[in-house]
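Visitor: Listed in order, the protein sequences are those of chains A and B. The first sequence: position 72 = 71 (numbering that gives the first Met the number 0), numbered continuously. The second sequence: position 19 = 18 (numbering that gives the first Met the number 0), numbered continuously.
Watch out, some of these pointers could steer you wrong.
Only some residues are given here: those of chain B computed to face chain A with a beta carbon under 10 Å [stated by the list, open to error]:
| id | residue |
| --- | --- |
| 1 | P71 |
| 2 | Y130 |
| 3 | W380 |
| 4 | G599 |
Below, computed lysine-lysine pairings styled on DSS-like, alpha-carbon distance capped at 25 Å [to be verified]:
| id | chain 1 | residue 1 | chain 2 | residue 2 |
| --- | --- | --- | --- | --- |
| 5 | A | K48 | B | K420 |
| 6 | B | K540 | A | K22 |
| 7 | A | K108 | A | K175 |
Worth flagging that the hints you see were computed from the coordinates, not collected in a lab. Backbone N, C-alpha and C fix where the C-beta goes; we use that ideal spot for every residue, glycine too.
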Amino acid sequence: MNAPKRLRVKLFVDNPEAVAVEKIVPVFQRWIQRGAIKNELLIDVADYKHVHHGPGILLIAHEGDYAYQFNDGRVGLSYTLKQHDSATLEEALSTALQRVLFAAQLVHKESQLKGLRIALDTIQVSLLDRLQYPHDGETIEQAQAAITALLASTADEVEVTAVEADSREPISFTVKSAKSLEHLIAPAEVNAG
Amino acid sequence: MTTSWKDTLQNKMASDLERQIDIFEGQIELRKQGKLDEKVFAETRLRRGVYGQRYDNGQRHDGLQTRTLEFPSGDLVKGPDTHWDAPGMMRIKIPYGGMSVDQMNVMADLAEEYADDILHITTRQDIQLHYVHIDDTPDLMRRLAQVGITTQEACGNSVRNITACHLTGVCHDEKFDVSPYADALTDFLLGHDDIQDFGRKMKIAFSGCEEHACGLVKMHDIGFLARTVEKDGQEVRGFTVFVGGGLGTVPHQAKVLADFVAEDRILPLAQAISRVFARHGEKQNRNRARLKFLVSKLGLEEFRRLVMEELETLPADDRHAGYIDELDDYGEEPVRQGLTLNGEAVDDGFYDWYRTNVYKQRQSGYSTITVKLPLGDLTSWQMRQLADIAEEFVGDYVRTTVEQNIVLRWVSDKDLPEVYKRLNAVGLGSAGANTIVDITTCPGTDTCKLGIASSRGLTGELSKRLEAKRADLPKAVEELKIKVSGCFNSCGQHHVADIGFFGNSRRSGNHKVPHFQVVLGGQWQNNGGSYGLAIGAVPAKVVPDVLDTITRTYVDERLDDENFQAWVERKGKRAIKDMLTPFMTLPTFMEAPQMFTDWGDSRVYSISDIGIGECAGEVVSLFSIEISKAESAHFDALIALDEGDYELADQKAYQAMLLAARALVRTQFLDVGDDPDNIVNEFKTRFYDTQLFYDPFAKGKFGRFLLNRHENPPQQADKDFAHSTIDEAQLFIEATHSAEARVNGVITS
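Next comes chain A alone, as it looks inside the complex (with noise of 0.2 Å):
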C-alpha cells in the first residue's frame, strides 16, 4: 500500500504517575540544544498540556513531531511522520517505530525522568490519511495485513488489532508482541528518504 501522508505510532507510558507533564519540556528543550537526534531537524517545543486528551507537550521537527501525549486518555510516547520519501506503508512504519523507539531510549536515559517506564511491546498505530486511509472495512484489512507482514516474522510473534472507533476517527491498529518491539525494529535515527 501507498504510504499515508502521515503515520503516527505511540508507545504508552506504563506509569505516568512517575513524572509530572511539566518536565517534559526541559527534557525537549535539551534535546533541542543537543542536537540529540541526529538527521532530523529539531525546531522547538509546544505545550499543549492545558487540553484534556490532547497532544501534550510536542518536539516539532521537520520530518516528524515527537509528543509526550494523552490521545484517548492514555499516556504516551508518540512519533508522527509528517515529511518523507516512503513509497509504502510498510516503509512509512518502519521509518517512525524505528524514531519512536530510538526516542524511547533517550527518554530512558533522562535522569530528569528517572523512573519513567516505556512499554515496548504494545504500539498504536494511526494513519492520519483519510484520502488513501478511509475508514472502511476493506482498507482496514488492507492496512491491518500490510503491517503484520512488516512486524511479524512469525505470525504468533505479533497481533495486530484494529482500533474500534468513530468512522471519522483515522484508521488505528493496536499492536501487540511477545517480545519488545525492539527486536522487530532497531531503534535508530533514520532517514526519512
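Given the structure of chain A, go ahead and fit chain B onto it with the hints provided.
Guide: Same frame as chain A, but now just chain B:
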C-alpha cells in the same frame, strides 16, 4: 490507485473558490521555480490566510545560543526571510464565528492531517492551525471550500474576518439580529476589486446593542451598531456607523461617521470607505497605514466628505441591496423544542457551570451555552465530539467568540443537564466562562513572529492559579476580565480588559528579562468603550503576585458597588504605580536565574531570534498583485499544453493576456471590471493607441498579440496554435511589466 484531493473534490466547491485555489497552487509552483517575486508571493499567500510562524527566519535561540535551522528547502523562501520548509500558520475565516456541524468535522480532520491536532480560536472568531507546511495548503483549502469555507483574505492587507456578537439573534437587548448583514458584507467584500489596494488590513465588526461588549465596534476600522428609527409609523432598520477605531500600539476610539445608515446602504458605504482608504491611506509607512491614522490625519469631516463623494460615483451594483429581499428568510430553527428545566437530575458541578456558562436567550425555553476553551484550544477529537453534541441538541448554530470560546445556541433548557454531562465527558465542561479565569490570549512567543513574551505561558499559569481558588474569589474579582498580548500589537486585546498585560523586555546585566506591561481599567462593555492605562512593566515571573496585589487592593478599597474602572480612576495612576513599584526591581542572573526564563519555557530568555511580523502584509503595488494572476494563468496554460489540452492552453494564454492588460488598465482606471471587451477596449484606448505600451524596438507588436487574439478567436486550437498563443502571452506579460515601469517612472535595470 493514487488520487489527489484536487481530483476528488473537483466541482464539489464553489467554482470561484476552486479557481482561486488552483491559481494559488500554480503560484506555489511558480515561486518554487523562481518565477514569482518573493514579496509578491508573500502578499498573495497572506491574502489566502497562509501565514508565517516563529523561527521561519531560520534562527532560533535554544537557551544557549542562536542557532540556524537548516531547513531542507535551502534558499527557497516563501517571502522575505521566510524559509519555505518552515512550519507556518493557516488562518481560517469564520464569518461572525458561525460554524456548521459539517464544517466542524472537516476542520477537525485538517488539524489532524496537516497541523498539530489542535484548533485554536482567535480573537477575531477565526480558527488557526499551526505548524502547517505550505505545500499542504492548497489541499487544505480545497477541503475547507468543499464545506463552504474560504481562507481568502484571512491575512494580508485586506478586509479580515468580519466579526459580530456571538449572542446576536438571541440577545435580550439588541435592536435586531446582525448576522445576515455581516454575512452579506462578507460576501460582498470578499475578493472585491476595491479592497485589493490597501496599505494595511481593515477590520469590520457588527453589534446588535450598544451597552454590552457585543461586537466591540468602537475598536474597529469600521463598526456597524444596529439601530432602528421610526419613519411614517414604521420601524426602519439601519446602523450607526463608526470609523477609525483600532487597538495596536496606538489605540484609537472609533468616531461616528454616520448616525443612521439605512440597512440597504451599508454595503455601498463600506465600499466607498474602502475606496477612500485605498486611495488616500498610507502605503509606505506600515506603522501609519491603518484607517485610524487616515481618519485622524484628514479629520472626520474631510473623511466623511470624501466618503460621500465616493458614494455618489460608485458604479451601480445589484449586490448593494440585493440581499435585503432575503432577510425575511433568514432565521434559525432550533432542532429541539424549548422546554423548561424542571427537576431533571444533574451531575456534580452543574449549577456552578450553569451560573457562569449559560445565557438565557430571549426566546423562552432556550439557552446559549459557552464552551470554555483553555487558551482557545481544542483537539480534533474534541471538535468532533462537540460537533456530535451540536448535531443532536442545536444543529448548526455554533459560533466562535472573540474571547476564544465556542457557544452552542438554541439549547433547550431541559437538555442542559445532559449537554453538561456530555461536554464534561470530553473535557469541555469547565465552569467559569466569561469570568476572571477565562483569560484571553494571543499566541505570543509560542508561534508568533512578533511575540516578545510568552502570553500563553503566562495565561496558563494565571488560569491554573485562579482556577484553584475560584470558589473563594469575591464576586467583584470574579467578574473582572484579564487579557494578555505577547507584544504591544494588542492581538490579545489587552486595552479593553479590566486588567491587561502585554509583553516586553528589560535588560539586567548581560541578560534580557521577559516582562509584561500592566494595563488597567479598560472597558469591555459598551463595545470596548474605553481603553486602559499602562502603569508600568513588571518581570513576567512576578505577574501572578502583581495580579494578587491588584485584586486584593481593589477588594479592600472599593466603595460599595464601585467597579474596577472607577476604582482605577479614583486611586490614580501614581498610587497604582507606587503599589507595583516593589515588583519592578530586577535581580541579577546569579540572584534569581528563574526570572530569566519565561512562563512555560525552560530556556534562558532571548529575543535575538525574533522575526519580522507579517500582520502588516507586504507593501506590494496593486499592479504587482494583479500581474501575478496573469503569470499564474500563463503557468496554467503551460501545464495544459503539457497535458495535451490545447483548447484549454489557448484559453489560459488568452486569459493571461487579458489579466495582464487589466492589471495595467487598473493603474489608471479601477472600475474596468472583468468583461473582456471592456478590458481590451480600455487597454487599446489608454495604452496601445497612445503608444504607451510600445516597446522601443518592437513597437506595438506585443500589444497586437492581445488585440488579434481577442478579435480572432480560433475555431479550434491545435498544438501549434496553443503554443504560439502561450509564447505571445509571455511576451505580452513582459511588455506589460515594462510599460507599467515606464508609465509609473520606475527605473528598471
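Visitor: The structure should be examined with respect to each hint, and the outcome stated for every one.
Guide: Right, here's what the structure says about each hint:
no., hint, in the structure
1, P71, "holds (7 Å)"
2, Y130, "holds (6 Å)"
3, W380, "holds (7 Å)"
4, G599, "holds (5 Å)"
5, A/K48 x B/K420, "holds (23 Å)"
6, B/K540 x A/K22, "holds (18 Å)"
7, A/K108 x A/K175, "holds (24 Å)"
When the structure is compared with the earlier hints, no violation turns up for any of them.
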